[in-house]
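Participant: First to last, the sequence lines map onto chains A, B, C and D.
All residue numbers for the first sequence refer to numbering that gives the first Met the number 0, where the first residue is 0 and numbers rise by one.
All residue numbers for the second sequence refer to numbering that gives the first Met the number 0, where the first residue is 0 and numbers rise by one.
All residue numbers for the third sequence refer to numbering that gives the first Met the number 0, where the first residue is 0 and numbers rise by one.
All residue numbers for the fourth sequence refer to numbering that gives the first Met the number 0, where the first residue is 0 and numbers rise by one.
Hints in this document: simulated from the structure, not taken from any laboratory.
Note that this is a predicted model, so its numbers are computed, not measured.
Please note that the accuracy of each hint is not assured.
Covered stretches of chain B (in silico footprint by chain C; criterion: 3 or more residues with CB under 8 Å from a CB of chain C, positions within the stretch not fixed) [stated by the list, open to error]: (1) 84-90; (2) 273-287.
Partial pick of chain C residues on the chain A-facing surface, computed with a CB cut under 8 Å [said to hold, decoys possible]: (3) Met15; (4) His96; (5) Lys226; (6) Arg227; (7) Leu231.
Beta carbons are placed, not taken as given, at the ideal position from N, Cα and C, and that holds for glycine.
Here are the chains, one letter per residue:
There are 4 protein chains.
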Amino acid sequence: MRFFSDNAAPVSPAVMAAIAAADHVDTAYDGDTLSRGLDAAFSALFETQVAVLWVATGTAANSLALAALCPPHGAVVTHREAHIQVDECGAPEFFTHGAKLLLAEGEGAKLTPDAVTAVIDAIRVDVHRAQPAALSITNATEYGLVYTPDEVAALGALARARGLGFHMDGARFANAVAHLGCHPADVTWRAGVDVLSFGFVKNGGMSAEALVFFKPELAAATHYRRKRAGHLLSKGRYLAAQLHAMLKDDLWIANARAANDGAARLAAAAGDRLVYPVEANEVFLRLTPQEAAALRAQGFDFYDWAPGEARLVTAWSQPEAEIAALAAAISAL
Amino acid sequence: MRFFSDNAAPVSPAVMAAIAAADHVDTAYDGDTLSRGLDAAFSALFETQVAVLWVATGTAANSLALAALCPPHGAVVTHREAHIQVDECGAPEFFTHGAKLLLAEGEGAKLTPDAVTAVIDAIRVDVHRAQPAALSITNATEYGLVYTPDEVAALGALARARGLGFHMDGARFANAVAHLGCHPADVTWRAGVDVLSFGFVKNGGMSAEALVFFKPELAAATHYRRKRAGHLLSKGRYLAAQLHAMLKDDLWIANARAANDGAARLAAAAGDRLVYPVEANEVFLRLTPQEAAALRAQGFDFYDWAPGEARLVTAWSQPEAEIAALAAAISAL
Amino acid sequence: MRFFSDNAAPVSPAVMAAIAAADHVDTAYDGDTLSRGLDAAFSALFETQVAVLWVATGTAANSLALAALCPPHGAVVTHREAHIQVDECGAPEFFTHGAKLLLAEGEGAKLTPDAVTAVIDAIRVDVHRAQPAALSITNATEYGLVYTPDEVAALGALARARGLGFHMDGARFANAVAHLGCHPADVTWRAGVDVLSFGFVKNGGMSAEALVFFKPELAAATHYRRKRAGHLLSKGRYLAAQLHAMLKDDLWIANARAANDGAARLAAAAGDRLVYPVEANEVFLRLTPQEAAALRAQGFDFYDWAPGEARLVTAWSQPEAEIAALAAAISAL
Amino acid sequence: MRFFSDNAAPVSPAVMAAIAAADHVDTAYDGDTLSRGLDAAFSALFETQVAVLWVATGTAANSLALAALCPPHGAVVTHREAHIQVDECGAPEFFTHGAKLLLAEGEGAKLTPDAVTAVIDAIRVDVHRAQPAALSITNATEYGLVYTPDEVAALGALARARGLGFHMDGARFANAVAHLGCHPADVTWRAGVDVLSFGFVKNGGMSAEALVFFKPELAAATHYRRKRAGHLLSKGRYLAAQLHAMLKDDLWIANARAANDGAARLAAAAGDRLVYPVEANEVFLRLTPQEAAALRAQGFDFYDWAPGEARLVTAWSQPEAEIAALAAAISAL
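The following block holds chain A by itself, in its conformation from the complex (with noise of 0.2 Å):
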């Protein structure tokens, strides 16, 4: 029973038929007429003009993003424990051509105004210095927690007067929305986010990303960035059906609910033992090792986190007999 990531976890069912049902002779790359609908289908849902572009991963969308919004010369303003930080191998780095990544504190991987302006403080107006040009936050963060739409507001307004982009990274943004029941504009662009890393492969998608550009002027270059670092695929009609079937019918939140559901699921059991109150889809629980050991030896895995810390991620396809169980299990430690 696979609590390890939601990478794990299988292709939703409507994604797979979509996948099946784009398997037709059409233009090759992004010239096919899925990928040419995914402007208009994602400017529907956000309730603005957008400009989209799949891709294969969220690195890539990351990177790509950070790439429109910051100069080699410039810095980004992310969390100390931020995916694109910890988990990318320099993918950041290497798509801005080694703009420097300038690190902010904040519990459960969460920034604040005041976290961000203290890290921007601190670098002088000087050619000596990298200067900030954008700020990027994760929502869901890395560790679960959700920023509300007033929260996001209020980097949004720093990152405007201090004349920085803004990139939301949103591995798990339909966790987050599906958390706060608020429109998906309201947490992006209605409070400043200019792009966002919209994650479809953890919550049931196969292979594609959206990046999603609020200003679409910012996509032009991003064209031929995507070319550039491989990533347009010369079968795109293959990513773009994956993202049409999630948006169909709001699949995607549907998905992210099952998942969160499971999570709430294992809060409830874990109680005192949560490091972080459980909004998204992942529970960090404090374990020591012999409990970790015991809830191996019945079959769970998951990621020891920090020293006793485990992490426990849900899928929007984990079995409910999983979940009950695994519940039982905490509650039983």
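Dock chains B, C and D against chain A, hints included.
Facilitator: For chains B, C and D alone, kept in the frame of chain A given last:
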């Protein structure tokens, strides 16, 4: 009727079935069983120990290969019309961090030892010149010509003598091998090739190419470079499944033969109009604008290559009736 | 007797005196009075508002100029034998983060609008191709030919029409202006040049070149790029002093005239042996190996350029007697 | 009276004389006799075979050193306040093509094996993490503390054990050695250092630093990187001359002692105000804004470092009277 590109073709049924069969919970990235079985599968095919990485595009495969062979201050010798030079928006320069491409001449985008030597000899050993570090050829070439094992071996010997890494862009490697009827080893490592971009997408795959290192030690850093380029898909098993399906029962050869056969029939119809001998699945024809328009009026879609020249590409899946109709239409011009 | 390179020449006495005169406590980097006076000094010279940065090498000047004009995914059109292509070990690629150089043809390393148009027109507007973003010419060219104001203006008009930034590598700009007898503005910004690498080292300087932006707003990011490239010397006043000394009393023109005059005398002696007209301070001669050996046996040092061709370069400081001796020796061949 | 930076100081008379003495015709770039003599001169100084390249700035020296030790996908462990992190505008990232700097903690910008180990151990061996490839320390540190031979050796042993290249930023290496009274070898290669940025500009030079490779084979590619970065000056003899002059009669040590002595006198006057022990030529003082203003009113120029802290730097050339006056003024606060 699309003779525009083999990228327009659908996915081989066996590949689609393999994708569906991979649709279960498994380890993320390339830790799954399918991904971990690739080295063995390709080693068996090539009759030598190889290290294989899946990537989603030929551009990524080529660029990662070149980055493994050439330092940022080095140079890659290739043909003036090589795909890496004219069709990848500077991806080799991106992945190699700015290595130079040195362009050699040759009919039909085919290089000879003399042509390569002429380029190398013009570069004095001196810090003012980016020194040649790699040689890259395309087999079949961008004009559908096929290097024989002897021709590759001659270039391989040159590469070894001059200290160059040797890369083969095999976007249509299957078509080349199908034409040659040789063992795939004969035209690669036995002929001195160090790294092969083994293309499957044009030949019935959906989104998986194989980057094959005949010197397995070259692959180590490439694992980091792949991640850093955003090319480590989180559900890699769906890519690995495609490659296994293509190798199974030599589907890759069967598909390539089908495509080549279609091209051969068009070539027979074209007679004197052929710009190059047709050895793989591309047909370059002399056509007046009027003739091109006449073919298009009959529903045939293709690419205007150069003034008075058209490119027709046949796919593994090209319906028999389409081939027959186009052959007839060409004959009737 | 060295006719190998004008880089071999010593430093103009006025420059050395200016360096000595700058030898006092002052603000570091480019905050000193001399550095801060450069914009005014060069604006006066060019009769327009310019922004100027000192750098220590022509390679840095050229590369920073190109980085200001061309994005990493773009391309620079230049001559096949341009210094930026053949003599800088990929520095333009390094500073631009991998932009491509697109090579145009032309006698004597000189470009025409037709030659540039041929290169640009071959690049379709498409993400698969690095799009031309800049044009770079060398004046005087690598073969000692000089672009006239009209010739530059024709290229400038083309650059403007095609949306290209326009860079002039002026490693021997002084020699070009001395030959033309025109105002330096006529062959630069009045003819559409955006950025000039104004060379002084070959012309009597020690270690300072001027990067001149005729669109001062282009200079802002370049200040960061210069620092980031390690080219912001901490005692910049010693570089600024050199530039002021070269501008004072038009020393730059006087030195260039001296060098050009020497070359003209050699050209007169060479007659039919000249490969190109001698317009600046470089003389390309047809010489058999025996003749080259004969000259060397008489103590003349020079560069074998191509089979049967030699390059002789005269410096601002070349002793009268050396010129006379070499002219006589050439006549006597 | 400037206590702002040792970069503000003039050039040592012996250095200026050496520059003047180098003012004759010679081979360009680093082919001249002076440049070619550097390996021998520094090998004699360090009592081991070294390879030395001149460069014009410490930033270039540091960045080229790191590029020689760390691949683009790797990481450099350094102090959070290291010059390479906070004062070079991302130059290390530029030269290494985007390697990450991993920041360790330590009082006075000084690293310990424990601090370095903590950073390294947090990086699991996994393609998602840029792997540590190099360690960089600054001696004397950015706060004027000096690593002893034993302290360096402990870090060197760690570096060797963990497979890290070991770089020392010696912008004030002379001040460190002057303080230690040890042989320069003791605190470099005998302690495991692979590459040293040996600074001279702050210590009486004009525009030449020495990049010293204790593993000479590391220098080979660096020659290409230096050219490609625009750092191969065409009249390199004027840089080489400076280095020879600084080594002659141990001028580098004499100058450093003079600077250190000045700082020691200020330190004695400062007493409890010292933030760090004064070991080299930098003095960090606790000063209220009123006290800082009072000193400035008396004509002393210095840098506000942090709230309530000021940085005073003494130069090799600081007039005795200025030191005495400042010491008295501090005592009188």
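Participant: Enumerate the violated hints, using their earlier numbering and listing them in ascending order.
Facilitator: Hints 2 and 3 not satisfied by this model.
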